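Asks: Protein sequence lines, in the order shown, are assigned to chains L and U.
Residue numbers are given in my numbering: position 267 of the first sequence equals residue 267, and the series is strictly consecutive.
Residue numbers are given in my numbering: position 55 of the second sequence equals residue 55, and the series is strictly consecutive.
Careful, some of the hints might be misleading.
As the list claims (entries may be wrong) - The calculated EDC-like cross-link candidates involving lysine to aspartate or glutamate, where the alpha carbons are at most 20 Å apart (straight line), are: (1) L:111 <-> U:43; (2) U:104 <-> L:229; (3) U:208 <-> U:230; (4) L:111 <-> L:311; (5) U:104 <-> U:181; (6) U:27 <-> U:43; (7) U:104 <-> U:85; (8) U:152 <-> L:325; (9) L:85 <-> L:69.
Unchecked claim - Stretches of chain L that chain U covers, calculated by requiring three or more beta carbons in the stretch to come under 8 Å of a beta carbon on chain U: (10) 75 to 84; (11) 244 to 258; (12) 438 to 450.
Said to hold, decoys possible - Pairwise CB distance ranges, derived in the manner of DEER restraints: (13) L:52 <-> U:38: 52 to 58 Å; (14) U:164 <-> L:635: 48 to 54 Å; (15) L:559 <-> U:264: 46 to 52 Å.
If you are wondering where the hints come from, they were derived from the structure by calculation, not from laboratory data.
Fair warning: this is a prediction, and the values are worked out from it, not measured in the lab.
Here a beta-carbon is modelled for each residue, glycine too, at the ideal position from N, C-alpha and C.
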Amino acid sequence: MAVKAWHVTTAKLLLALAVALMIAKVILPPELIRPPEWLVLPFADWINAAFYFLQNDLGLMSLTRAFSDVVEWLLNVTANLLYGKSRWPNIGPIPWGVIAATAFMAGYALKGWRLGVLSGGTFVWIALMGQWQWAMETLSVIVVAAPFSVSLGLTVGVLAWRSQRFERILNPILNIAQSLPHFAYMIPVVVFIGVGPKAGAIVTIIFSVPPMIHMTLLGLKKVPDEVIEAGKMCGATRWQLLTRVRIPTARAEILIGVNQVIMQCLAMVVLASFIGMPGLGQKLLQLLQSLKIGLSVEIGVTIVLLAVTLDRLSKAWALRLPAHDVPSPRWIDRNRLLVIWLALCAAAFVLAQIFPYFLEVERKQALSVAGPIDSLMDHLIRLIAPVTAWLRWFLITWVLIPMRDAYLWLPFTAVLMLLAAVGWAIGGLHSAAICVAYFGLIALSGWWDRAMITVYMVSISVFVAALIGLPLGIWAARNTARSARILLICDTAQTFPSFIYLIPVIMLFGVNDVAVVAAVVVFAAVPIVRYTIEGLRNVPPELIEAADMGGATRRQVLWHVRLPMALPTMLVGANQSVMFSLFMVIIAAFIGTQDLGQEMQRALSSTDVGKGLVLGFAVAFMGLMTDHLITRWSEDRKRALGI
Amino acid sequence: MTESVITCSNVSKIFGPNPAQHLADMKANPGLSSAGYVYAVRDVNLEVRRGEMLVVMGLSGSGKSTLVRCLSRLIEITGGSVTVEGRDIASLSEPELIDLRRRKMGMVFQSFGLLPNRSVLENVAFPLEMRGQDRATRYARAREMLDLVGLKGREDYFPRELSGGQQQRVGIARSLAVEPDIWFLDEPFSALDPLIRREMQDEFLRLKGMMNKTIIFITHDFDEALRLADRIAIMKDGRIEQCDTPDQIVLHPATDYVAKFTAEIDRARVVHIGSLVRPLSGPASGEPVAAQRTIRDLARQLVSDNRSQIPVADAEGKIIGSVLRQEALDVLLGDGR
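Work out the full structure: start from the sequences and follow the hints.
Replies: As structure tokens, this is what we get:
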């Protein structure tokens, strides 16, 4: 307790110092308001020099080119199979009916006819809407990238599990990698590989490896000791133990890793349109930029359907529990699913040979709902335009601009002191030092103003998201069926690539800060709602019963039992929320913000690796600092509550 | 009979930052502080004889599970030596150790240790697969083992589809698949309900009767130990407090700790008349009683018999001595503790 009190006192002192710096701003020397020129270190030049060295002097270029040639060859094979690009093996395209039938059977076999209809229906929708080519371009990258990521992640995960030293080195790298925004990955890839599908595939591979490593490690560590001992006592060698005991027993975690890889791949492939990756993402980008709402909604629906299908299929695979079959002597009974699948494929194939419609839906044959959507949206927008226009005006002039100016007005020394105070209050000297170090580095990078704009966008978005998410979560948690429904919505919403969230907000608010904040708010509210529900639902029932028997009202139970017990879980949600909004703010840059994201886009178009990575790290540091603070706080609360 | 299969001499297992160094330091200077070190097993001397069933009994944290893992070298010991069939197992190379386990040892685990992704049949066949036997042979053998433990018809089930008792039957079948000479059972029935536990003990006794194996059985249940053991080793804080037959432990507990366990036990059900045998002093008259019967079995006779000395005969009917009726009655009535 004494230690805690001392923490609070020091924190208060630091806070007072921060306030003093703000008050005294007028008389402060300029060096204390903004990092002076001589303090700004040329990180970008150093990184560029390092990359130049890697690229030219170390001969890494030829290595990456060789790797990318392999990837390109595989991409050509899948491209030929999926949409008939004229490359080896020249047998494609596979008729869309065959792919839809296969998707249907995969869903049916994994979880039953509902998942079958969802996955088969997705491909039928894509084909009928005339988006087959684009969707297959996107899918062909995932088909190539996901296996690469999975095997890479599995290998690295096993190595990290075998060597503690390697794991210690790897962990911080993974943490940074998982908080680097998408664009930061693209720039080095553009330097090494150039633009186009193979660059898109490679950036996708790199981006989606970390969760696989993480899940492999987690799974291998969770294998029960007795299972391993049983394996040893059965006389398994180390290799047998790894391949036949540990990895199969860690199956569920590893397959969840596969699921995450696939979802990350999809998110990245869509964004890789920025570096010339053709497919759904590029189409969506073009349509959004030319404000063709109806058509972009169509593409958006496709991406969402694809995301949900891929997520549900891979999750069903991961969570499938082994069950015995009733032994049957007849071959056809034992292989019923295989027979049905072959029959469906054959039927689709024959249909495609007879009617070209079933081989490929021509653009002019495609259905489209863009017209009706456009006119509907026109009506709707005209109807609510006064509201949105007023809201936009109000938010921009009275909330966003004043807040932005306030953030920019702050002397950087005051911000550092403020963060030190928060750090000290939560985790003492250690946390304070971490906070100051991360933000100090951002100050040294010379992008302070841009960074503050990012911070302002993220903080207002998370604040608004919490205002919406917390009551919604509390309301949903009151009832089992309701919380299950809302959790399902949250889960589904989390599978959408972040890009999708931009469609409705652009529709409503046009291209400006309000749209960005609105998109980020929606994106960031999802984890808050989700973890609030989970936290509140998982409070031990005995505690609530004890409070009820103590005569507490519902409000008292909520305030004194449920919320305090749920706080650690809710903090995890807040943490994710901050991470999501950082990513989203950066992605939203292309609809016009003036923060780090915009600069990152510029770095991308001028392939300036140094600048891009410095900006990326600045974003990562913000995320890592928040992550440190919230995790620390949440763990302290957990310990205090004994959970 | 007295040939020993496993010999432990001064076996210690210490957990901590640098256990080997610590053990050496302690030898040189016994007064040293052992803060930061946990003695899971200390100075254990034990002999397991061919064909016997040794039960290691102790409460949780007494080091019994660690000890059995030292015997199979699932964990490396800190000091002392473990000899299995004349070979110091610490000196075995990895392939030799694997070979030893593949040929000689079987082990059953408390929470079964089954592979969740394999069917019952594949689980039982697993040790054979490790030995590189072909599929047909190992499945045939696995089916045989499943028949033996009464799981015929469940071959294609997965562990999660079975009850705890059935899962442990799979564990037992797996451990017996390679026909081990030495059979380790680490609290095999502790995770089961009392009724199932009783059933599994009977099942175990049936299996034990069918084969001649050296068995090391770990339990925290004193009744279970009395029921199954040829000899019991009682452990506390990593040491063996007493290692003897159930009769001797019940009749002559070596320490107060052991006495706490035996206090509530109905000794008449445990003690065999043979354990009370003294050399004949003078002529014994009348019908002898069989040495392998418990005092409880003979209660009626002991009460009504009016001889002060009753002759005792071994399994072949040869008189091996006599018991004092008064002494037997003391055990029966719980007097003289």
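Asks: Please go over all the hints and tell whether each is borne out by the structure.
Replies: Structure-based check of all given hints:
1. Taking the CA atoms of residue 111 (chain L) and residue 43 (chain U), the gap is about 57 Å. The hint is violated against a cut of 20 Å.
2. Note on residue 104 (chain U) and residue 229 (chain L): the hinted pairing holds, with a Cα-Cα distance of about 16 Å set against a maximum of 20 Å.
3. A C-alpha spacing of about 12 Å is found between residue 208 (chain U) and residue 230 (chain U), which places the hinted pair at or below 20 Å, so the restraint holds.
4. Pair hint residue 111 (chain L) plus residue 311 (chain L) holds up; C-alpha atoms about 13 Å apart against a cutoff of 20 Å.
5. About 5 Å separates the Cα atoms of residue 104 (chain U) and residue 181 (chain U), which keeps this hinted pair within 20 Å; it holds.
6. A C-alpha spacing of about 12 Å is found between residue 27 (chain U) and residue 43 (chain U), which places the hinted pair at or below 20 Å, so the restraint holds.
7. The hinted pair formed by residue 104 (chain U) and residue 85 (chain U) meets the criterion: a straight-line CA distance of about 10 Å does not exceed 20 Å.
8. At roughly 16 Å between alpha-carbon atoms, residue 152 (chain U) and residue 325 (chain L) fall within 20 Å of each other, so this suggested pair holds.
9. Restraint check for residue 85 (chain L) and residue 69 (chain L): satisfied, since their Cα atoms lie roughly 17 Å apart, inside the 20 Å limit.
10. Check on the stretch 75 to 84 of chain L: 0 of its residues sit with their Cβ under 8 Å from a Cβ of chain U, so the three-residue criterion for coverage is violated.
11. Under a criterion of three residues with beta carbons nearer than 8 Å to beta carbons of chain U, the stated coverage of the stretch 244 to 258 of chain L is upheld, 5 such residues being counted.
12. Given a C-beta distance limit of less than 8 Å, the hint that chain U covers the stretch 438 to 450 of chain L is violated, as 0 residues qualify and 3 are needed.
13. Between residue 52 (chain L) and residue 38 (chain U) the CB atoms are about 55 Å apart, so this pair conforms to the stated range of 52 to 58 Å.
14. Distance hint check for residue 164 (chain U) and residue 635 (chain L): the Cβ-Cβ separation is about 35 Å, which falls outside the suggested range of 48 to 54 Å.
15. The supplied range of 46 to 52 Å is met by residue 559 (chain L) and residue 264 (chain U), whose beta-carbon atoms lie about 51 Å from each other.
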